[in-house]
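Undergrad: Chains as they are written, first to last, in this note's numbering: chain E, 143 to 532; chain U, 143 to 532.
Derived from the structure by calculation, the hints contain no laboratory data. Take these hints with a grain of salt, some might be off.
If several chains are the same, the list does not tell them apart, and a pair holds so long as it fits within one copy or across any two.
DSBU-like mimics (lysine-lysine), calculated; alpha carbons at most 35 Å apart, straight line [as the list claims (entries may be wrong)]:
(1) K409 with K514
(2) K435 with K514
(3) K409 with K435
(4) K144 with K520
(5) K409 with K520
(6) K520 with K264
2 protein chains.
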Amino acid sequence: MKIEAVDFFYVAMPEVTTAADGSQDALVVRVVAGGHVGWGECEAAPLPSIAAFICPMSHGACRPVSASVLGRTIDGPEDIHAMAADVAYLSMDLLQAAHTWSGIEMALWDLLGKARGQPAWKLLGYERAYAKTPYASVLFGADPQETLERAQTIRDRGFRAAKFGWSPFGQSLDGDIAHLDAAREGLGNDGILLIDAGQIFGEDVEAAALRLDAMERNRVTFFEEPFHGSAYLAYGALSSRMRNVRSAGGEAAHNRHMAEHLIDFGKVGFIQIDCGRIGGLAPAKQVADYAVKRGVTYVNHTFTSNLALSASLQPFAGLEDHRICEYPTTLRQLAVDLTVDHIVPDANGEIHVPDAPGLGVEINTEALTRYKVDVEIKVGGRTLFAPPRV
Amino acid sequence: MKIEAVDFFYVAMPEVTTAADGSQDALVVRVVAGGHVGWGECEAAPLPSIAAFICPMSHGACRPVSASVLGRTIDGPEDIHAMAADVAYLSMDLLQAAHTWSGIEMALWDLLGKARGQPAWKLLGYERAYAKTPYASVLFGADPQETLERAQTIRDRGFRAAKFGWSPFGQSLDGDIAHLDAAREGLGNDGILLIDAGQIFGEDVEAAALRLDAMERNRVTFFEEPFHGSAYLAYGALSSRMRNVRSAGGEAAHNRHMAEHLIDFGKVGFIQIDCGRIGGLAPAKQVADYAVKRGVTYVNHTFTSNLALSASLQPFAGLEDHRICEYPTTLRQLAVDLTVDHIVPDANGEIHVPDAPGLGVEINTEALTRYKVDVEIKVGGRTLFAPPRV
């Protein structure tokens, strides 16, 4: 099948705020080949990601992502691997390329799965898919009371696990301890409690370590992204000071190596991969294999639509013991509306990666029009990008 | 001084080829504050880098680079550090941000140096600047004979060191050995010979190691970028198999951590930093300090204009023993024309970082018009970018 078209749909809420909420806009990718249509999503800034696809070549190792995709054939996984290798080499000096390619790669698996009538996780090599225990992923409340109420709501909705993240965490030690206590209280004794610091400690190991006692006492399962995504040594130093808590990170990884280094040098207990950034499903599956070998638990990172959620589940769908998964529960309407299908917890509070061709999540094309951001990029008088027809 | 304007000038040769020649286009940055003008250059794909400055915010941790720069004050180095920290945090999820910020950061040092009447290297903390031994940086010839002739030309021009890079290196073992022998023969017995594989071996340590005997025999000083920039373990494995040759890398580092990890885990003997990618002069200086502590030699990576060359020399200007520096000798006319001043070897074949305020290299504004690439970016009907007035 020859790749006939790769289209980018930039959609956004009418108002985008400074909340650490990745569901306020989206960059959806559509790939057409051999009469099939595949969909993917970059977890990335839309405009620079579009630019990385259509920009003029700077030199042989700084070509647009399109140079490795348009006109190529997609008949099997090996074609996806070959394109990925070309993007890595021919767009070596184009930093944004990994984020752009991630959405395309996802769409290629979706397309290939539809062409073969197989879910992506089967194409990735898994025999079966196991249920996952979703953790409701929310931001901390503005004060401990609000955090407590959010935790109670999550428990009342039937979730067995919850992750609280970002501001105001990190602003004061006393405040953080109060939020940790509140989250545990609201979630109840048996809930799985996870904390996401959103890199607030930079690389200040001592500052992060001051929170460990309260985390151990509140039986926090993982302490996510205390530091800058590349500060492996800070991760390693903090990890060595944990008793039962484990460190977690990896969402910033834009290639497989970065995730593996966080495992080897950062000594994380949980490696969190965003398929919309690391280069799609294939490198994520390689990280999952690596995590298994190293005794580390693989977790998805997802804070956007259910298309991205399905994609993020595929690389570890077949790992029965890698049980918890990130499940955003406070998506903006845009991210809800983006898909016709929604992945929801079953009566046991577990979620299932779709057992359907490709990613198994249908895009609601009407939403692509409703939330469309009108972008036009002209270079040398020629229009290199305009919103594609739905 | 309040930052009044940050302007991006995208310039390119009329024809851009697939040669691994980074001087075919450029993204020049002009910052205006307090009546002073500073200039910098991103070593990056221009269109995505511009987009990373002007794009709409996606969420609180995915803001455009402009959010951390426009309207800020620049009165001392601490203001540059503060903006850098904000870019790292507020543009955390915007991959291209580091490349965009690099050119701005460079311009801020240039501006600050001009305001204070001091060269940037003094502002970075050096008492004096030492001469550097430039290595002529060229691509391999199409065949060994052409490589030999290039080496002879370099020697005849008075260079004591030369670096040969990229294709056809890596295509065949016999061919590579012939090129290595030719380069040594052309350069003469006493020349410093450096090899740049341009990541051709991906992460295949064995393939790269097959070249080591011929490198040792030809007394190659360093073997640059055998692998993908993040493949630290491959670097480490190859480094351990070297006798006198040393590995080199780091140009892909888009933050300080990546360069430090390449030192610690990749065991490189030479760390090569591009100020136009790593986030500018300040993180490069931190890497230089780290290299000194670790007994590793700092080298600039530069393949564009003499503005970028001056910037790249600043972070190790005061390191007397870190002697060699990359000096592109086959720049396209655009990169030559971009600056009024040119850094040229003295009678002893050495080059000197300018002892003049800021970066000490004046931009030829006429070239910004002559080579201008006409770009227009509109979002929601509003023009977010158009070429600025020179």
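Undergrad: If a hint holds in the structure, say so; if it does not, say that too.
TA: Cross-check of the supplied hints:
1. K409 with K514: neither (42 Å within a copy, 48 Å between copies)
2. K435 with K514: neither (43 Å within a copy, 52 Å between copies)
3. K409 with K435: both (14 Å within a copy, 25 Å between copies)
4. K144 with K520: For K144 and K520, both the intra-copy (27 Å) and inter-copy (32 Å) Cα distances are at most 35 Å.
5. K409 with K520: neither (46 Å within a copy, 45 Å between copies)
6. K520 with K264: Intra 41 Å, inter 42 Å, cutoff 35 Å: neither.
Going down the numbered hints, you'll see the structure goes against 1, 2, 5 and 6, while the others check out.
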